[in-house]
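Chemist: With chain G fixed as given, assemble chains P, C and F with the ligands onto it according to the hints.
Residue numbers (the numbering used here), protein chains in the order written: chain G, 1 to 657; chain P, 1001 to 1657; chain C, 2001 to 2328; chain F, 3001 to 3328.
Treat the hints loosely; a few may be bogus.
Pairs of lysine-lysine, DSSO-like flavour, derived with a Cα cap of 27 Å [stated by the list, open to error]: (1) G:LYS469 / P:LYS1649; (2) C:LYS2185 / C:LYS2151; (3) P:LYS1531 / P:LYS1592; (4) G:LYS649 / G:LYS592; (5) P:LYS1649 / G:LYS649; (6) C:LYS2264 / F:LYS3264; (7) P:LYS1218 / G:LYS129; (8) F:LYS3011 / F:LYS3264; (9) C:LYS2264 / P:LYS1218; (10) C:LYS2304 / G:LYS469; (11) P:LYS1469 / G:LYS649; (12) F:LYS3011 / G:LYS218.
Rather than coming from a laboratory, the hints here were simulated on the basis of the structure.
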Amino acid sequence: MADRRYEPQSETVTINHDELAWRVGGPQGSGVDTAAGIFQRACALGGLNVFGRREYYSNIMGRHSYFDVRVAHHPVHSHCDEVQLLTTFEDESLARHAISVVEGGALFYAAKDVEKEVQGITYLDLRAKDDLIAYLEERGLPTTLGGVLEDARQRGVQTYEADFDKLVESLADQLDIVSALAARTTNTLAVAMSLALVEYPRKYVYDALAKIWPGRQKIIDMNVAAVDLAYQFVRDTYDTSKFEHRLTPSQSKEPRILLNGNQAVAMGKIAAGMTFQSYYPISPATDESTYLEAHETFPSTNGARGSVLVVQTEDEISAVCMAAGAALTGARSATATSGPGFALMVEGLGWAGINEVPLVVTLYQRGGPSTGLPTRSEQGDLFLALNAGHSEFPRIVLASSDLEEAFYDAAAAFNYAERYQTVVIHILDKSISSKTMSVPPFDLERIRIERGEIASPNGGHEGPYPRFKPTESGISPRPLLGMPGGMHWLTGGEHTQYGRVTEDPVVREQQMEKRMRKLETAAREIPVDEKLRVYGDPAAEFTILSWGSNKGAIVEAIELLAEEGCAARLIQVRIMSPFPGPELEELLAPAKPLIGVEANFSGQLAQVLRQHTGIACDKLVVKYNGRPMAARRLYETFKTIMDGTDETKIVLRNPNE
Amino acid sequence: MADRRYEPQSETVTINHDELAWRVGGPQGSGVDTAAGIFQRACALGGLNVFGRREYYSNIMGRHSYFDVRVAHHPVHSHCDEVQLLTTFEDESLARHAISVVEGGALFYAAKDVEKEVQGITYLDLRAKDDLIAYLEERGLPTTLGGVLEDARQRGVQTYEADFDKLVESLADQLDIVSALAARTTNTLAVAMSLALVEYPRKYVYDALAKIWPGRQKIIDMNVAAVDLAYQFVRDTYDTSKFEHRLTPSQSKEPRILLNGNQAVAMGKIAAGMTFQSYYPISPATDESTYLEAHETFPSTNGARGSVLVVQTEDEISAVCMAAGAALTGARSATATSGPGFALMVEGLGWAGINEVPLVVTLYQRGGPSTGLPTRSEQGDLFLALNAGHSEFPRIVLASSDLEEAFYDAAAAFNYAERYQTVVIHILDKSISSKTMSVPPFDLERIRIERGEIASPNGGHEGPYPRFKPTESGISPRPLLGMPGGMHWLTGGEHTQYGRVTEDPVVREQQMEKRMRKLETAAREIPVDEKLRVYGDPAAEFTILSWGSNKGAIVEAIELLAEEGCAARLIQVRIMSPFPGPELEELLAPAKPLIGVEANFSGQLAQVLRQHTGIACDKLVVKYNGRPMAARRLYETFKTIMDGTDETKIVLRNPNE
Amino acid sequence: MTTATATANRKLTAKDFQVPFPNDWCPGCGDFGIINAVQQAFARLELEAHKVAVVGGIGCSGKAPYYFPVYGVHTLHGRLLPFAHGIKLANPEMTIVGVGGDGDGLGIGAGHFVNAGRRNLDMTYIFFNNEVYGLTKGQAAPTLAMGLQPKSLPAPNIQGQLNPLMMAMSVGFTWIGRGYSYNVKKVVDLIVAAIEHPGLSFIDILQPCPTYNNLHTKDWYAGKDLDSGQPRIYWLDDTDYDPVIPEGADDAAVLGKMNEFLTKAHEWGDEIPAGVFLDNRATSTFADRIETRIENYRAQPPNKREIADESGRPTADLSEIFDEVRMT
Amino acid sequence: MTTATATANRKLTAKDFQVPFPNDWCPGCGDFGIINAVQQAFARLELEAHKVAVVGGIGCSGKAPYYFPVYGVHTLHGRLLPFAHGIKLANPEMTIVGVGGDGDGLGIGAGHFVNAGRRNLDMTYIFFNNEVYGLTKGQAAPTLAMGLQPKSLPAPNIQGQLNPLMMAMSVGFTWIGRGYSYNVKKVVDLIVAAIEHPGLSFIDILQPCPTYNNLHTKDWYAGKDLDSGQPRIYWLDDTDYDPVIPEGADDAAVLGKMNEFLTKAHEWGDEIPAGVFLDNRATSTFADRIETRIENYRAQPPNKREIADESGRPTADLSEIFDEVRMT
Ligand SMILES: Cc1ncc(C[n+]2csc(CCOP(=O)(O)OP(=O)(O)O)c2C)c(N)n1
Ligand SMILES: Cc1ncc(C[n+]2csc(CCOP(=O)(O)OP(=O)(O)O)c2C)c(N)n1
Ligand code: SF4
Ligand code: SF4
Ligand SMILES: [Mg+2]
Ligand SMILES: [Mg+2]
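Chain G on its own, in the form it takes in the complex:
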């Protein structure tokens, strides 16, 4: 599989003709995001379920980005490596993605690009160029985009040519505006052509435009005209009969919101009553904080206007220390970052740990190590999240797998932090953060705010408050900075119950034991359903162990297996610390085979499982090219395993994403 390069990557998949896997690509800054936004909103407004996946370079303008959108009447939780419909309006997207259109699928391309040599595409990686050229040469095709198109046609793909320049010209004429202005609708034209092709009612596209540019009627009008033009053009120009997919709006109008993972976390934090967030910009965490900044105040059921004070700091060290300082006063407080920033927070986490500060750190994993793949995804930071800090302190590590979990877990994190008075690391990854989904509006009724044991120091004691008094649970009532009578000390050093530094060996042992006991308390108290969740057939032996953003794809793969009568189950680990070792030992006893699925090189969860239980996974399915897993590739892989492959570590590769 290692040298399966520019080639179709999956078996042709059958997806019902009334659902769609659609892709749009283009240079960063050219409106790809807007295009995908229009497409997704149009579909969601028609009551369809939408799943969006965004891939982009660490670059502001010019490099390639693309958006995969899957739309269906049933909920979708994963992208497909292959799509039925591809929209491109420049060279690179066509060169990269034509190969990913399935037989029976279709693609749009810009007329002007046909003669272009693959070699001449500015930003296409050398490796990708070489592979594509070799592929075309092998097949005796010209090493131009024309060759790429020809290959697509040979593989049963409809190719629809569009002269975007001409369409823009007509629009300019029609609206009597300059072409430069009209050209801004290129992405709208492209989206509308796709939707026209699947005969989707255009009124939803109009509505989508209004959602994207609320109140900006001039822009909306221009784009509405573009939509009409595109619909007209498709009807007039193409033979659409060969492309069988059609998209119909849904009758059901269940309430749905369309958002991404960064937003879901931000909303969860607001719901949980977070009042302070410090941050230093870093992909893919920034968008959460900038969303919060843009929503710094909001209404509140008690009449007063609610708010979150968001502070951009000078670095992540400052961010974590500032958040810890704020938390000491009783403010629910957090910071959000990703790998490199988290690496800088390690010392601060230790301080919060020994001082039993309820501090929430939202960690969006991205490709590593080091600067790595800043805008790509990886589940590479589990080891670090579990071990960040010299020596030991208790921590709660909580991993979400989708937007709903992201929201509720973001809120739950504060309860854990305050209940166990310690650091909570909420792990997500880039693929969740930039994933868009239409989901039911989150239910605030499901959230209960528990503030843990807060001291009432005015109850008549003398002298400093015994903030760190050893208790059976390990939890001691904490006075908040500013409370009368609650004065005590805080220090990164080992300390007495009053928080004064000490090196006494006995007090040291007491405090170390007190702190670590909190982990046992948490392990006892946190319901098993929060710790892990089981999907698929709970009685199946064929067991997949995974965590985080892979869940959607795995669940879909299991459903595909189920359709063929193959039973399988997924055990999703959500709480990584305290690790649910005993629970897993029991659950995993009948597993045969046990398959770890992770988006990292060495199977970190699998190793943590073994560390705590001795249980080793029989197989490891990993992906570490920085891109999320696709359901159907997993399905194929599981089939291979069922068929008895010898491989123990299977690497999912896809050179075309």
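Modeler: Leaving out everything else, chains P, C and F with the ligands in the frame of chain G:
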């Protein structure tokens, strides 16, 4: 055991009467270090083997510090929790340590302290005060130092009173100097009284003074007079017959050097040809760098004067980045730190990892978490050393257990770093760093400098140099910055073979795999004897698994068991990454029981073992009060285990250290 | 040790801000004078102990928080400013005093020093300037002049010296003073003024370290080595130096004051100025600026906002937020 | 792409310092002008490519090292100075040029900025001043003035502005200039002079970011909004400003220059000075100072010292060292 507080901590141990466990205590800054230095040198100069352990507060002046010295004709590798002879010259030391003198032992105390209330001792920890007072009250003794002395006498300890003020006065008279000056010899007086008591030839004490103050004849003369005075005083004043221990010099005059762990590492680095070290001060690492600063140049076999450029940076982030920068030019380069500083280096390590920089980081563990116990010891940072960095890169983690290993490993670290072109973390701990031992001079013949694969880019290639060309071993020849024709890029981002940033999924996989392959190469190439070492009876089932500074005490404990016919073996893990899983699986197969011994809370090595092999320790013996383990306490503990205790986690506690 | 609160019939004294725990600085250390001064200043300001946080860095100096019966926060090396900021931002009612060393502040902590200047948050930062790293045994601090060799250094210092006053001014501290730790009375005045200043205050305290700094000792400051035998330190309030930048000052006025400041801050050697160098009343505080974003920030600061009703239900109403993304 | 080396019959040109890889800055980004200028400066200085390292931070600016066929080191966010120091200290023959953003240098990297000033190591630091965090999509950089709201900010900036020139001067940079990225010719001159300066040089380059900084654009610098319609930038070499502190200058001379510097550095608005602000020849370089400790440092720098003989035996002779601790 948890409430066994101020009480003798061990069974009375029999130590041969011609060896000695000696302790001196006093306020920081009052000359305790010098006292211990004189004592150790006097013994070592007499051909005896010396082992010294230093305990001190994170404080410059006033807080209690003490030094344990064991002296014997055979090599000694561990301290004793109990001593035969205690020297004190103020209140706190007497209050703290009288309890640790064994039956038949002796102590010196200052006459003026007898009436002092325990309650009134300035820096004695409240907990320790309470326990001592309770202990005295229980026994109907006065809660003064007089009570403490009375208790000692009741326990069969000889108590020798000394009026240090008077001795100082006579010295001042005799030498016609002011008392303030004469008072500076108090520690010399104290040491000399101890040595007089054991009838040790005083000429070695003279020699020791000359070693301590080389060339400062006035000071030496004054102290020589003090020694004479003390010897005279002991002979005149005390009945020494009740104290049976005698110390005789050794006939053998094998070459020996007396040094501590920081110095051993520094020497190893100089021997290995390190030319650059950056550092930021932090206990207990600083002394290594300041030693290097004081030995910045030295002779060289090639005639030129050798040197190490030592740079004090503004923080540890700068230290690690600067060292990495220097390493890129081909300079053997390192930095040294401890937990909090290492925590700040995490991001820098990742950069060095992805750029395959041969970077050595010397990590002296101290008590944690956070600021923790800055001048105490712990083996708490193994998890962090293994996992520092988001995502994954190969690293070599090497743990030394004593001064000789510290020296040779410090040198070997550079070979590993350059051979595998990656980060090497050399772990030690505070107890090694401040441990003094007399050892044979290190043998430079045992060191071979291997510089790994260095490119010769002038061999005629075109364009940038393919620095990161994938190879089977994972190792690619590296050009050094400044080499003609070797130009390439370096980046924390994923990169092509030329070092240019890329997000291509295929190149990403190749580079990730190339890097991680180095770990397999290292696992294959590093000899098993470097990875782990076995002590005791290799055929024994009773197996102890440990690492680092515990080794000395465990080996001695095993010897004590052997004397009773109980077979036991220690398996010392030295290379923590790549972890010698397969080798251990084989070695541990017959282990029954398998006992992990570690100076941390949760048995980090034991967990790493399980992570890699599934093997769980049957018992865990841990100590986390910040102080090292004593051989005889371990011996007792192993006996308890042999006797079939139910406890699975045994915590070694000693409130009196 | 009880909560220090002035009552109708009793004025607070420094004693109310002392603790019955032993102090482990070296005998004669300049740090003692500083905490004495802080205790007196707290009393003079009649602060309520529970509304005060003393936030320390790491170093001998960083231990200062242990010596006050207030909320005492001993943070990480170099990080006192971020922690202090977090506390003050979340609980703006508190009086925050930062206490930290020169290595802490301008070595490892320099990045925060620089960026704190941009915020002008209302707090006081007392900078213990002993020119060495005390607690790690006498290495050069960034305040040590090049070429000097205090006793722990194996060779003269090869790194240049930072001028803390200059640094504070360059980055935006709005109140800047210098004291000398053995002149407690003057230090008390400075601390009182610094705390009363509504923005970010900085006090450079020349703090002899008898253990490691054998160059700039009490005697040296007393000018014992000088022909004149006169103390080196003189006080700006005995001169006609005016530190004030008044509210609404124009750019030219600010620049003029900066130049005067620079000249004074540069003086060193036989005559060392101390006192108030800058009192800038023209720059808004961070709290003022936050109020432009969160109108009720002062009334409902992060630590006070009611986030749940009695049954634990969130008070946050997300309907507006959901509406923005509502599709159906 | 071949090794750039001037030969007898050929002068180097900027082309010799270009690479055949695409560049992914936004169209019109000020960064282009900067790398053009660096390429021309390298050519004019006839540098040998293998003796040059361009060391970048993280940000749009930090990508600059990719565009030179020299040793190009793309480091971590805020850490270009420590990496650059390590390279230069270990291989003092190399010419080191740091390239980094304003967030990189004065936000996360401020601590290194401050302490690099203390060393005066011979290298050039080019500071890309676009007032925003470009690569993370337009947040405020520490160089952005309070109250401004470039297009990515949801509200006006509430943090104060740092003046990079002031910062560089306060901490000890010995050569300080300012350029404007669309005036490549002037930037070339500045870079050449900065590299030729034997200590730590700093060039603040005003670098429009057309994508996120919609306030200080090319048009704004060109003064299109002014009544005069005149460019805002004027050049100090067209005035009688003299940046030089001569070798051996006394304290008063240094102070005088600092005051002049301060006044110039403070100017902003309708008239913005650029050019050379400081050329301090009075301060020793770090290499000079190291030589006081390691006499043969320049001849036997860390990267050159022979550490092993042919059979790998250490050349270090530890006998003196062992003797110090030898007992028997
Ligand atoms: C991250 C980190 N690095 C290093 C240290 C070690 N350390 C403790 S105190 C200190 C220096 C203190 O110097 P300064 O700030 O000047 O305070 P002083 O002791 O002089 O008052 C250092 C480096 C630490 N605690 N944490
Ligand atoms: C430790 C760390 N934190 C955050 C980031 C994310 N990050 C990348 S570029 C950047 C800011 C760049 O701004 P600036 O230095 O001004 O450079 P510009 O893009 O404007 O040239 C940030 C915060 C990172 N890479 N590493
Ligand atoms: S070392 Fe110096 S600063 Fe620290 S306590 Fe002692 S005298 Fe004070
Ligand atoms: S975002 Fe700004 S600084 Fe970055 S490349 Fe684009 S224009 Fe240049
Ligand atoms: Mg200091
Ligand atoms: Mg910038």
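Chemist: Going through the numbered hints above, which ones does this structure break? Give me the numbers in ascending order.
Modeler: The structure conflicts with hints 2, 5, 7, 8, 9, 12, although it agrees with all the remaining ones.
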